[in-house]
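These protein sequence lines are chains A and V, in that order. Residue numbers for the first sequence follow my numbering, beginning at 15 and rising by one. Residue numbers for the second sequence follow my numbering, beginning at 6 and rising by one.
These are computed hints drawn from the structure, not numbers from a lab. Certain hints may be false.
[To be verified] Distance windows between CB atoms, simulated:
(1) V:P247 / A:A92: 30 to 36 Å
(2) V:E28 / A:D66: 54 to 60 Å
(3) V:P8 / A:A88: 31 to 37 Å
(4) A:A88 / V:N119: 39 to 45 Å
(5) V:A125 / A:T18: 23 to 29 Å
The structure presented is a predicted model; accordingly, all values stated were derived computationally and were not measured. Note that the Cβ used here is the ideal one computed from N, Cα and C, for glycine as well.
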Amino acid sequence: MQVTVRCSGQLRAALETSSLGLDLPAGTTVAEAIAAMADDHGARIRSMLLDDSGAVQRTLVVAVGSAQVTDPTAHSLADGDTLTVLHPISGG
Amino acid sequence: MHPLTDEERAVYEWQMWSPGFGEDGQRRLKNASVLVSRCGGLGSVVAYELAAAGVGRLVLAHAGVVKPSDLNRQLLMTHAWLGRPRVESARRRLLELNPRLDIVAVQENVSEENAAGLVAQADLTVDCAPLFSERFAMNRQSVAQAKPIVECAMYDLEATITTVVPGRTPCLACLHPSEPPQWKREFPVFGAVSGTVGCMAAMEAIKVIAGFGDPLLGRMAQIDLRDMSFRTFDLQRDESCPVCASA
Ligand SMILES: [Zn+2]
Chain A
15 MQVTVRCSGQ
25 LRAALETSSL
35 GLDLPAGTTV
45 AEAIAAMADD
55 HGARIRSMLL
65 DDSGAVQRTL
75 VVAVGSAQVT
85 DPTAHSLADG
95 DTLTVLHPIS
105 GG
Chain V
6 MHPLTDEERA
16 VYEWQMWSPG
26 FGEDGQRRLK
36 NASVLVSRCG
46 GLGSVVAYEL
56 AAAGVGRLVL
66 AHAGVVKPSD
76 LNRQLLMTHA
86 WLGRPRVESA
96 RRRLLELNPR
106 LDIVAVQENV
116 SEENAAGLVA
126 QADLTVDCAP
136 LFSERFAMNR
146 QSVAQAKPIV
156 ECAMYDLEAT
166 ITTVVPGRTP
176 CLACLHPSEP
186 PQWKREFPVF
196 GAVSGTVGCM
206 AAMEAIKVIA
216 GFGDPLLGRM
226 AQIDLRDMSF
236 RTFDLQRDES
246 CPVCASA
């Protein structure tokens with residue numbers, strides 16, 4: 015299935031794009047999709063997405079469509095979903 | 006509640022035409038006190054718009070002196086004030102616009118030590134701090150004192166904004182339970198971006214104080230001025246939030 019990932023903040027700057035497509039097996043969870051994205055990139059982006067245990071960083075705000083997902087391991091994605099990964103920002 | 010004077014009716018006439026706001030909303034603004042911290046690119050514009058709208062009292066917290074690198078965005082700072090305290094430049098500029106304004110100018114940034122006292126002086130806080138440690142201190146005190154706080158932030162051409170009403174919405178710690186490790190105080194910023202989100206945050210504060218419109222309660226707006234996209238996300242409270250779960 016095809017999922018679009020939208021990224022913001024310093025994550026977007028590090029990726030040099032605001033949006034990328036992932037081709038994932040049906041039933042992939044949000045956590046697995048983010049881990050797959052980390053696997054496609056280097057250590058810097060990995061550390062922005064995952065903590066030392068490999069879990070999704072708790073400081074990220076993650077949403078599927080317009081709804082925040084608070085447990086990425088429990089939410090399965092569907093074909094055509096847009097997954098948004100908001101990297102925390104604090105600029106004033 | 007203090008009534009409006011004839012002079013105030015004349016100044017605020019055009020905004021009192023706004024449906025749902027009216028003279029009652031204006032009276033609420035006049036009798037309200039708002040904490041703005043800090044008064045940089047974002048907070049300068051928040052304070053300026055709240056002063057223009059007729060909020061009665063502003064508590065401004067911002068340390069340091071005006072530097073050349075402030076002047077691309079910190080619109081309450083002026084070239085002539087380089088090297089002098091930022092918060093005094095802010096006070097001077099705000100009183101030029103609105104001499105009726107009551108200003109409490111605090112030459113400090115928010116910290117764990119002063120957050121309780123600063124939040125206590127206002128009915129609502131607009132959080133414009135560049136460091137998460139300052140934001141967490143204001144969020145904790147806003148939840149403890151059951152006062153709303155508008156959380157607005159920017160980075161490069163992006164911005165986010167949400168309004169926290171303790172007990173009803175997620176708080177900042179629900180969204181970010183610990184300090185994001187990658188965030189640094191220095192970040193790319195155009196004044197037009199911080200000014201855009203500053204205007205939006207001021208409007209959130211006005212809506213919450215006057216009790217009209219639909220503030221971003223339990224919702225986060227994400228604005229990207231690079232492609233002019235505007236999205237809102239429905240947020241969830243964290244039932245185990247260390248700040249608001251037991252409040
Ligand atoms: Zn919370």
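Results for each hint:
no. : hint                       : verdict
1   : V:P247 / A:A92: 30 to 36 Å : 33 Å, holds
2   : V:E28 / A:D66: 54 to 60 Å  : 57 Å, holds
3   : V:P8 / A:A88: 31 to 37 Å   : 54 Å, violated
4   : A:A88 / V:N119: 39 to 45 Å : 40 Å, holds
5   : V:A125 / A:T18: 23 to 29 Å : 45 Å, violated
Violated hints for the displayed structure, listed by number in ascending order: 3, 5.
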